[in-house]
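Make the full structure from the sequences, and use the hints.
Going down the list, the protein sequences come from chains A, B, C and D. Here the working numbering is used: the first residue of the first sequence is 1, the next is one more, and so on. Here the working numbering is used: the first residue of the second sequence is 1, the next is one more, and so on. Here the working numbering is used: the first residue of the third sequence is 1, the next is one more, and so on. Here the working numbering is used: the first residue of the fourth sequence is 1, the next is one more, and so on.
Keep in mind that the hints were calculated from the coordinates and are not lab data. Heads up, some of the hints might be wrong.
Only part of the chain B face toward chain C is listed, based on derived beta-carbon distances under 8 Å [unchecked claim]:
(1) I173
(2) L300
(3) V448
Computed list of lysine-lysine pairs in DSSO-like fashion (alpha-carbon distance at most 30 Å, straight line) [claimed, not checked]:
(4) C/K443 with C/K360
(5) A/K167 with B/K403
(6) C/K521 with C/K443
(7) C/K443 with C/K371
(8) D/K90 with D/K100
(9) A/K380 with C/K360
We put the CB at the ideal spot given by N, CA and C, even for glycine.
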Amino acid sequence: MMLLDLIVLLFGGGILAWISGRMDARFPRWVSLIVLLVGLLYLITHWVGADPDLADRALSGIPSGSGVWQFALVADWMPLFGVKFFLAADGLSLALLVLTFGLGIVAVFSAWSEITDRSGFFYFNLLWTLAGVAGIFSALDLLLFFFFWEVMLIPMYFLISLWGHEKREYAALKFFIFTQVSGLLMLLSIIALAFFHYQQTGVITFDYFSLRNTPLPEGVGIWVMLGFFVAFTVKLPSVPFHTWLPDAHTQAPTAGSVLLAGLLLKTGAYGLMRFILPLFPSQAAQFAPIAMLLGVISILYAAKLAFAQLDFKRLIAYTSISHMGFILLGIFSANALAMQGAVIQMLAHGISSSALFAIAGSLQHRLHTRQFSRMGGLAKTMPNTAAMGVFFSIAALGMPGFGNFVGEALVLFGSFQVNPLLTMLATVGMILSPIYALKIIQKVFHANAEAEPIGDALGEQARAEDFRFHERLSMGLMVVAILWLGVHPQPVIRLVEPSISALLVPAPVQVSGLAQQDEWSIGR
Amino acid sequence: MNFGFPHFMALLPVISLTVASVVVMLCTAFFRRHGLIAALTLLGLGITLACLHQQSGIAAIEVTPLMQFDRLSVFFSAWILVAAMVVTLLSWHYFRTREGLSEELYVLLLTATLGAVVMVSSIHFASFFLGLEILSVSLFALVAYPVTSLTRKDRSAASPIEAGIKYLILAGIASAMLAMGMAFLYAATGELSFSGIQTMLQTDAVHESRNLYAMGGIVMILAGVAFKLALVPFHMWTPDVYHGAPAPVTAFLATVSKFAMLVLILRAFLFARGDHPEAVIAVVTGVAAVSMLVGNLLALQQNNVKRMLAYSSISHSGYVLVAFLAGMVASTANAIKAEGIEVEAIAFYIVSYLLTSLTAFGVVSVLSSGRERVSYSRESGGNVDAETRDTDGLQDYESLFWKRPVMASVFAIALLSSAGIPLTIGFMGKFYIFAAGVTSALWWLLLVLIASSGIGLFYYLRLVLVMFRLPEGGHDGHGEEVMAPAQTTAAALVREIPVGARWLMVLLGGVILWLGVYPGPLMAEIRDILVAMRVAG
Amino acid sequence: MLNAIACVTLLPLFGFFVLTLLRPPERVAAWIGCGTVAAAAAILFTITIGFLQNPPAEGHAVVHYGTWVGIGSFQPGFSAWVDMLTLTMLCIITGVGFLIHVYSAGYMVRDEGFARYFSYLNLFIAAMTVLVMADNLLLLFMGWEGVGLCSYLLIGFWYRDPANGAAARKAFIVTRVGDTAMIIGFFMLYLQFSTIDIAEILRRSHEAIYFNQSLYTVVALLLLGGAVGKSAQLPLQTWLPDAMAGPTPVSALIHAATMVTAGVYLIARTHPLFMQAPLAQHAVGWVGLLTLLIAGASALVQVDIKRILAYSTISQIGYMFLGLGVGAWSASIFHLMTHAFFKALLFLSAGTVIFCLHHKQDITEMGGLRKLMPLTFASFVIGCGSLASLPLITSGFYSKDEILIGAWNSGEMAFFWGGVVGALITAVYSFRLVFVVFFGAPKTHPDHAPTLNMQVPLVLLGILSVMGGAIHLRLDGVLPIGSHEVSTGGHGMISALLIVLPLVGVALAWWLYRRGITWTKTTGAPAAMLFFRRGWAFDALYDAVLVHPWVWLATVNRSDVVDSGYTAVARLTQWLYQQASITQTGSVRWYAGVMIFGFTLILSAAVFL
Amino acid sequence: MNAANIPLDHLMLLSCMIFVIGLAGVMMRRNVLYILMSLEIVLNAVCLAFVSAGAHWGKADGQIMFMLILSLAAAEVSVGLGLILQIHRKHGTLDVDRLKELQG
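Here is the structure:
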């Protein structure tokens with residue numbers, strides 16, 4: 001029930017925030033903050049108190065050997081199609097759920113003083129997006145998953161198009177059309193998968209575990225997989241489906257960018273991980289070189305583009321694409337090392353890019369510009385902001401000690417086992433990332449403000465105040481989180497270990513516990 | 001031919017509707033009181049609905065060779081009546097404050113509904129044609145309706161007349177084609193009942209030389225049907241007529257008239273299980289693909305909301321055709337065990353379409369009704385008088401959400417349902433279509449569907465965005481040129497909306513959401529009906 | 001006791017956090033900064049003494065503190081590898097580091113970023129200790145990158161000048177190129193040995209089942225790539241001269257004494273791999289040789305005091321590489337140590353000069369400082385003498401001697417003679433510097449004197465530079481018997497040569513100085529001189545081949561060509577809309593015509609298809 | 001002469017021709033009144049087809065359809081005439097090409 005409670009809490013909290021906004025413009029943010037804190041506490045307390053294998057297998061039909069699942073909830077939804085309302089969480093889901101609530105709080109903080117106009121509706125959309133994301137991370141019925149996948153789009157669309165920056169409507173529309181069209185491709189694939197399953201078994205179902213053992217006809221399988229793949233790589237995003245992202249991230253309000261970079265991209269990665277490999281093991285193996293190549297191209301190409309940008313948020317947006325390339329590479333390496341790396345990278349990138357967007361957003365809020373040419377020397381006037389900016393830029397370039405490095409290194413160590421050539425190319429990304437990351441530091445925080453013609457921004461810079469308390473608080477949390485991921489990721493690794501081993505085992509039903517153990521002796 | 005009490009009971013809804021229209025007509029002759037007439041109409045429709053309810057469980061019964069009353073017809077007639085009742089309410093609200101005599105409208109509304117109900121239960125070309133023409137002739141008048149009540153002055157009401165005459169001429173051609181097709185089939189088979197024709201065509205009883213007749217007849221009938229469904233290339237009337245007609249009539253046109261035709265071909269389709277000529281499949285595939293694309297393309301940057309919805313209805317007909325095709329392919333190939341998912345898809349989709357467009361046009365109608373609060377500035381518009389103009393310009397919807405949150409929300413729900421976004425019934429409909437398409441492996445057509453949905457998103461979202469756009473001054477920066485509606489300077493029409501109308505719309509929006517989230521019962525009902533039909537047939 | 005070795009890292013790290021979070025005022029910051037390093041050094045010396053008195057049976061010990069990442073066979077932990085090599089390095093790092101910290105407290109006084117400076121410096125010490133103590137590849141990489149980061153932060157410490165930022169970025173990115181090669185080497189090692197434990201890898205590399213000549217060669221070359229990046233060797237040496245943009249104590253600590261020698265440490269640490277791959281080891285020698293000659297030539301003609309020292313650093317590290325290349329392992333480490341002493345001394349002396357001359361660095365504006373700054377002069381001469389390896393009385397003599405003997409013994413005469421020529425050049429440029437700066441007529445007068453906390457480190461380092469040659473490193477358990485320790489004859493001749501050579505060099509420098517040939521002209525100088533001064537135009541080459549194309553590529557595609565594909569689709573859709581809406585003419589006759597035409601089309605399609 | 005003696009094909013061809021003539025009239029005439037008349041021609045062609053097909057099969061259905069179409073055509077025309085009246089009153093012309101207010 002816990003997962004349902006969480007989702008309902010977010011949906012309900014959204015409505016409450018909206019209503020409260022009609023009374024006072026300051027209420028919604030408090031409502032949202034409280035809802036998110038309550039959700040986080042609820043999640044953690046239940047998690048800690050829960051029996052690790054709480055899922056009632058008989059009831060939920062989760063086969064043994066498919067990882068450790070908790071909080072399962074199954075109910076008929078559309079019995080005619082065997083569609084169930086099926087929520088459950090394993091380690092991977094739980095880690096991402098914590099990220100969801102954590103970044104939700106960060107998003108609220110970054111919207112705290114930025115959003116004043118119609119804040120009720122703003123926080124409504126914010127919480128509904130989070131509800132959709134939370135649903136994605138816990139849905140185990142493919143159609144339900146698709147529902148949540150789409151549910152988050154509309155509120156996100158509103159967040160971008162109503163509170164975004166100068167080209168917000170274009171960006172929002174682009175975001176929506178990209179994701180929706182690719183989503184329809186996924187829907188097609190979901191239905192096709194269910195249909196082939198039905199053809200062979202006579203049972204119509206969208207249950208994740210049941211569909212895992214569907215043998216697909218020769219030639220068709222790869223297309224079915226591609227439907228999923230395209231939807232997820234659009235969201236991830238990977239070259240060549242990435243072009244919505246720079247626009248959306250740049251134009252979105254700060255909180256929207258935080259949600260986009262921190263969570264929405266992760267839904268794509270989650271989808272790749274949760275669905276592609278287990279549902280289409282042979283097709284994925286066949287397709288892996290291409291997917292990995294796409295990952296590598298994303299890493300390099302986006303790094304190149306990031307370096308060229310003149311707009312702070314746009315630069316960060318491209319770095320996201322570059323970092324997501326590592327995830328794609330890791331997932332399709334299909335070994336525990338790389339997969340673990342991808343998970344860590346998901347979490348770390350969620351935090352670091354959110355932080356960078358929050359910084360960029362707060363600068364825009366204060367300086368009314370995102371252009372590098374109109375910034376500079378902020379280390380002097382805004383020391384805290386600058387320190388955070390430097391900190392997270394360094395995190396983004398993959399400095400050991402930060403979570404991002406652990407993720408990237410694991411991915412690369414893992415993928416080298418599978419495809420040394422592509423891994424070497426991807427490693428070149430390690431040269432390119434400091435090029436753009438240091439550019440941020442140099443252009444924004446370093447150099448001399450007075451030395452460059454800044455015009456009216458100069459006055460604003462002089463007046464611009466440093467981080468406020470709530471901003472410092474959320475930044476501090478993210479600093480701790482990313483350092484923690486960097487030096488002690490082991491709890492996370494242990495948490496997702498069963499999930500990943502289950503994902504990597506081709507057919508969980510037939511596999512005994514013993515065979516699963518073998519999966520861990522990767523390498524040679 | 002026997003005609004007993006059961007037959008009479010089965011026929012009761014039709015009779016009730018007929019009586020209602022006569023009574024309303026007579027009343028109009030004596031009491032020209034708008035409210036009264038509207039209430040009577042509602043009462044008549046309500047009684048009919050009750051009659052339907054009373055026979056909801058009965059077995060199929062043929063009343064004369066022309067009509068068959070069964071669960072299918074009861075189910076869909078009920079939807080038609082509900083839609084008619086909503087349209088009645090909308091019309092009452094719409095015409096209440098407009099000048100002129102509008103009581104006769106309800107008579108036409110009732111006869112049109114009657115035609116639709118007849119179509120829904122017909123199993124014979126004669127009743128098909130009869131029902132269709134009753135519906136159409138009533139609609140000619142309805143579309144042009146305000147003209148009859150015009151007492152004086154100006155050219156402002158010219159558009160309804162124009163729409164009416166266009167519809168009349170083009171629909172005349174279409175009916176003629178339909179009838180000609182019937183004649184051809186008749187010539188080929190000597191039968192006019194669906195089952196008879198099907199038997200003749202199926203058993204190779206048709207002489208070789210008559211094959212041309214059969215083929216020509218089928219294509220002509222399809223053309224007539226395609227006209228009503230506004231499929232390319234018979235779609236061109238749609239935007240003009242939808243645009244010109246008064247908003248409630250447009251609602252009726254988009255829902256009941258199209259719905260009845262869809263149900264009819266669904267029924268015909270149930271008879272026509274078996275081989276379908278490859279040529280017909282090819283033609284239908286082409287028409288479906290082109291309709292989806294052209295409909296969505298035409299709507300792309302349309303600034304008139306009624307026209308936009310008209311174009312969108314073209315593409316929706318294309319979508320539903322995909323399900324038909326799936327059925328045709330499935331029953332032809334027999335390679336894949338069909339299980340009737342396609343028929344269910346059609347049935348579900350048309351219900352979802354009915355609800356969605358009823359809501360969308362309903363909102364337009366409600367917004368177009370009542371006295372305006374802000375006077376419409378003369379210099380900004382053309383020669384269109386504020387009082388008679390419908391609220392259908394994109395600029396009228398600017399920031400509507402912040403002025404009329406309920407109406408805008410309901411409209412947004414309807415639009416998103418049209419776009420097929422989850423949580424709405426439109427998504428479930430699309431899901432069905434996908435399911436049908438997948439079972440018949442119509443991969444390319446489904447890809448076209450996806451592509452055209454992508455195009456469709458653009459204009460649906462554009463309208464949604466216009467409605468939700470923050471009012472000026474509340475936010476830094478301005479919307480960019482690409483998306484801006486025609487003139488934001490032109491004062492938007494803002495009219496009073498009574499509580500009743502608002503609740504009606506909320507109800508419709510709620511149903512869309514409810515059936516989108518929890519479609520199980522409706523799905524089960526539809527499957528039940530179709531299984532029953534299959535057993536009977 | 002050994003467990004306390006973590007304090008060597010943790011204390012400076014603690015200092016870093018305190019300094020960063022609290023940003024204390026100057027005096028407090030200085031005490032925290034120096035205090036933590038001093039404590040670390042003290043603990044370390046205790047441990048070292050204990051280790052020497054009571055060495056573990058295998059010659060090394062591993063202290064495990066915790067798991068970092070643990071997935072299957074991939075088990076990097078936080079653990080310290082302690083042997084004499086590590087301890088030697090640690091002693092240099094903390095010892096010299098402490099002295100430079102103390103010096104910095106005087107040098108950086110009244111700088112607005114005082115606390116920030118010390119926090120970075122502390123972080124550097126922490127990272128560097130991690131690097132040398134790491135027992136696994138990932139932890140090594142953490143330290144490796146950590147020192148790179150600190151180097152970046154400290155080069156760009158005065159961030160207001162964009163030139164400093166550029167130099168810092170260059171340093172980081174160029175070394176990152178090497179790091180990338182190195183981590184690819186790590187990937188290969190992991191793939192081959194299924195472990196990232198360094199000791200385990202080295203042990204298994206001797207085992208027959210793992211033997212793979214070509215792989216070892218590739219891996220060793222990749223590791224060499226990392227080493228040349230960090231140690232500023234050919235072809236990645238270009239960042240070091242620019243790195244002089246940082247405060248001078250930073251140059252002393254990071255860019256002379258410790259960080260830049262990490263490459264030497266890496267190769268020494270992984271020497272079994274290199275020994276299995278003679279080709280790679282040979283390459284190490286050649287890299288060292290070429291670098292020491294090229295950098296020596298550049299050092300001859302520089303006019304910036306710090307750049308001279310920077311090139312000399314490059315050149316001296318070239319000697320270390322040469323030593324590694326010829327198998328004189330411990331000699332290289334010995335030279336690393338003595339170089340740390342005298343180069344730190346030189347930089348700090350140079351820093352004192354710069355400090356007292358109000359941040360002037362151009363040697364043409366200096367002169368006659370011998371009398372004005374006697375202590376500085378003395379320490380400078382000691383440093384230069386050691387650098388030029390003046391016989392018997394300087395530490396540099398003993399270490400360089402060993403390397404050259406090793407080169408002689410290796411049989412590759414190019415190594416030996418190249419090293420000899422390099423030694424001569426070294427003597428010439430170092431005393432050219434001494435003569436130009438400290439002799440002749442004074443051109444500028446120092447306006448303030450070095451403080452006490454600047455002078456004490458100078459004295460201590462001066463003593464170390466002289467006496468350092470007497471320190472006997474006990475590396476025999478860690479490194480194999482070096483080529484310099486084998487007797488092949490002819491040593492007497494070599495020793496004689498090496499005693500005479502520096503003296504000849506000094507004499508030559510004096511002769512040139514008296515003749516006024518100081519190669520300090522900036523205009524009208526011969527092309528060869530300018531070419532040397534520009535560091536053999538490596539920068540120009542890289543700019544033309546890498547930087548400019550990259551920037552061009554980035555700029556030309558700033559708005560992402562991929563997006564234009566989607567834009568084209570959008571345009572096409574709009575165009576189609578326009579075409580389609582033209583058909584909606586409003587004319588009923590046209591509509592009828594279209595209907596009928598369409599119908600005919602469909603009918604004929606249906607009939608004829 | 002018995003109609004049944006005329007081959008069905010001939011009759012159908014005839015009705016087709018009338019049908020096409022009617023359609024051509026709809027497309028070519030600009031006067032609304034003539035368009036309505038052309039529509040009548042089209043419908044009459046259909047009637048002919050029904051009657052001849054009925055005769056061919058010897059069934060009464062054809063004639064019944066004929067009557068149905070006839071009456072519905074009448075209804076249609078009456079509504080059409082009403083509209084023509086209004087058009088004439090508003091526009092002062094019956095030229096259908098002048099009715100282009102709704103387009104786009």
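Hint by hint, here is what the structure shows:
Annotation: interface hint on B/I173 holds; nearest CB of chain C at approximately 6 Å, less than 8 Å. Because the smallest distance between the Cβ of B/L300 and any Cβ of chain C comes to about 4 Å, under 8 Å, the interface hint for this residue holds. Given the 8 Å rule on beta carbons, the hint for B/V448 is violated: about 14 Å separates it from the nearest Cβ of chain C. For the hint linking C/K443 to C/K360, the alpha-carbon distance of about 12 Å falls within 30 Å, and the restraint holds.
For the given pair, A/K167 sits about 24 Å from B/K403 by alpha-carbon distance, which is consistent with the 30 Å threshold. Our distance criterion of 30 Å between C-alpha atoms is met by C/K521 and C/K443, whose separation comes to about 16 Å. A threshold of 30 Å between alpha carbons decides the hint, and for C/K443 with C/K371 the separation of about 13 Å falls inside it, so the pair holds. Restraint check: the Cα-Cα separation between D/K90 and D/K100 comes to about 14 Å, which is no more than 30 Å; the hinted pair holds.
For the suggested pair A/K380 and C/K360, the alpha carbons sit about 25 Å apart, so the restraint of at most 30 Å is met.
Hint 3 from the earlier list is the only one contradicted by this structure; the remaining hints agree with it.
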